[in-house]
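Asker: Use these hints to put chain B onto chain A, whose structure you have.
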Amino acid sequence: MKLFDPVKLAARNLTRRKLRSFLTSFAVFIGVALLTVMISLGLGVRKWMVDQITGQVEYTRITVTPKGSLGMGSSLLTSGSGSLSSDSQEEEIKIIDDETVKEIGDINHVTQVQPMLMMVAQKLRIEGQEQFLKTAIGAGFDIIENDAYNKKTLSGSLAGWYEKPDNILLTNRTLENYKLTVDDVIGKTVQLSFSKTLGGLQNFTQTKAEEFSYEFNLAGVIDVGSDQANFLIPVNAAAEIQALRLNMDNTDEYIKNAGYPFLYVNTDDLNNTPEVAQKISDLGYQATTVEDLIGMINRIFFVVQGVLAVFGLIALGIAALGIINTMVMAIYERTKEIGILKAIGATKSDIRKIFMAEAGMIGFFGGIFGTAGGFLFNFLANKGLNVYLTSQGEDPQNLFSFPLWLICGSIVFAVILGVLAGLYPAERAAKLDPIEALRHE
Amino acid sequence: MIELKNITKSYLLGKNKILALDNLSLTIKEGDFLAIVGPSGSGKSTLLHLIGGLDRPISGTVFVEGVDIYSQKDKDLAFFRNQKVGFVFQTFNLLPTLTAWENVALPLTFSNVPPKQHKLKALQVLEKVGLGQRASHKPSELSGGESQRVAIGRALINNPQMILADEPTGNLDSKTGGEIMDLFQELNVKEKITIILVTHNQEDAKKARKTYRILDGKII
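Protein chains in written order, with full-length UniProt numbering: chain A, 1 to 441; chain B, 1 to 220.
Isolated chain A (complex conformation):
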């Protein structure tokens, strides 16, 4: 018997009981749709997250943090405010100071070591503007032009901007607060006010704290995307301010005691990055590569997707039971027909093929419509999401990934599920005694 024959017979038999075939297929449809939506969403969100990371930083970048600390992202908020944090932390944590910067800079293949300081200003005042930010978050950070900090330059020339200690960069979001446009602010004076702290912890509500101000020259406007930062100043200027806030004599003393919350280390080649990261780790610091971050996201999503897929698989398991039930009933109804087929020369294997083709076909239709349904759902859900995102002023995103392998895989999987569910009923049909089957009414 050729492959086409059982398929043809199966198609006829399925159309004989249209509603039953439809309902059985519908269970497969739900299972497949659920599974494809889950997988597609998992793939899409993971891809989006990985894109966020790879779009922001260079691949060769290693983020160095003190061991045991959590800050390793590029967000300015991920670390503390830059106050003297060693007081509250455990003794064994190795602080990242200028010594460390030199030490890491001496490692083979390291091209650049960029320390970063986080800070909070009490006020941010722009020349001629009465409005001011009560608190402004910022960082001491030098390198901008090689995209070390995911910046889009909107205005001003940023080459070597950090060489002048009184230069400052503002983010476009900050400018919006002052109702200024990017074109007419370059060269204006920006005044940052800081308060001296008495203890190790900064207290924003403290009114008696002594305040001091610094004036900066606005050198450029940058777009930091979703980051919350308001300003960037050269790292040395930041260290000086921090030292002053804590009543320390000089910047060296501050760095020795508080350290940098993190360093960005660039290497000459992606292949050397793991080796460098290992060496930094051997020195007693936490070294996180982009690959580590992506690996971590992948591991998390592997688990999340697994859990989501289990729900789809449960639905498909129920669908498989439905197929088995339908096929067992069909065999009972068509017992006589099986006897006839055997009498005119069908072998056991022919009978098996006919019923497995029928079960496979139920799976196939469920798979086709399930995949289409999943695709449609994803399309509409993403549309809805983007309408929301656009209304919130965000860029539209594609959170559902629907690669070709998922489409083909879902359909093939549904067919295999159907055929597997058909195994037992088909075997039962094949084993029927032809004489008894013919006698069956």
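Rather than coming from a laboratory, the hints here were simulated on the basis of the structure. Every residue gets a Cβ at the ideal spot worked out from N, C-alpha and C, and that includes glycine. Where hints are given, some of them may not hold.
To be verified - Here are the simulated SDA-like cross-link-like pairs (lysine to any residue), alpha carbons at most 25 Å apart as the crow flies:
(1) Lys-138/B x Lys-431/A
(2) Lys-175/B x Gln-202/B
(3) Lys-73/B x Leu-19/A
(4) Lys-138/B x Asn-325/A
(5) Lys-336/A x Leu-95/B
(6) Lys-348/A x Asp-269/A
(7) Lys-15/B x Lys-348/A
(8) Lys-29/B x His-200/B
(9) Lys-116/B x Asp-5/A
(10) Lys-8/A x Gln-161/B
(11) Lys-138/B x Thr-91/B
(12) Lys-431/A x Thr-8/B
(13) Lys-431/A x Ser-71/B
(14) Lys-15/B x Leu-19/A
(15) Lys-431/A x Lys-17/B
(16) Lys-116/B x Ser-349/A
(17) Lys-336/A x Gly-144/B
(18) Lys-121/B x Ser-71/B
(19) Lys-431/A x Leu-95/B
(20) Lys-218/B x Val-64/B
(21) Lys-218/B x Val-37/B
(22) Lys-8/A x Gln-117/B
(23) Lys-8/A x Ile-18/B
(24) Lys-15/B x Leu-432/A
(25) Lys-431/A x Ile-18/B
(26) Lys-218/B x Lys-175/B
(27) Lys-218/B x Asp-182/B
(28) Lys-210/B x Pro-115/B
Claimed, not checked - Incomplete in silico selection of chain A near chain B, CB under 7 Å:
(29) Gly-345
(30) Pro-434
(31) Glu-436
Answerer: Frame of chain A; chain B shown alone:
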């Protein structure tokens, strides 16, 4: 030539063991037209099934053209049924989803005939059984006599050596039944097909060349 040697067959009906055939031996020449008559439960249908390779005897052998058919595997026995035997039943046993010609062509599905030839062959056979006009009708649209002609067409499609008919007129009125019997006669004479007929009907039996009576599993 069909040779049955010392065939014994019993089966269970509920808890009772029924002896259907009791050490039966029989020789049927090629091209013969045989009627087997006997009361219900005498074992005549069982005899037909055993000749046609649809059952297996408890003891004894069935030779068809010198081959011990029950020494073969199930798969080869199925092919024997497909190629050498045509069954005709009292209740026609057509597949309701298939048209007349598709029913006739169905055995070709299990043989080596290329699919492209199925329709043409089936139409030729339908012509032979006098049903050329009704080829595309479903069984539900056919009369009893027409249905039985389709069933005979299905039995003929692979040019079998024998037709085994189990009360083929049992569901037909006497006139139509007579026409079906005439068709069997014609096939026996013109095509030299061996026909073995199991029947209650004395009129039908008269159209055969020979009549065997069977009682309690034995030919008398």
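Asker: Identify every previously stated hint that the structure contradicts and give their numbers, smallest first.
Answerer: When the structure is compared with the hints, numbers 1, 3, 4, 6, 7, 10, 14, 18, 23, 26, 27, 28, 31 turn out to be violated.
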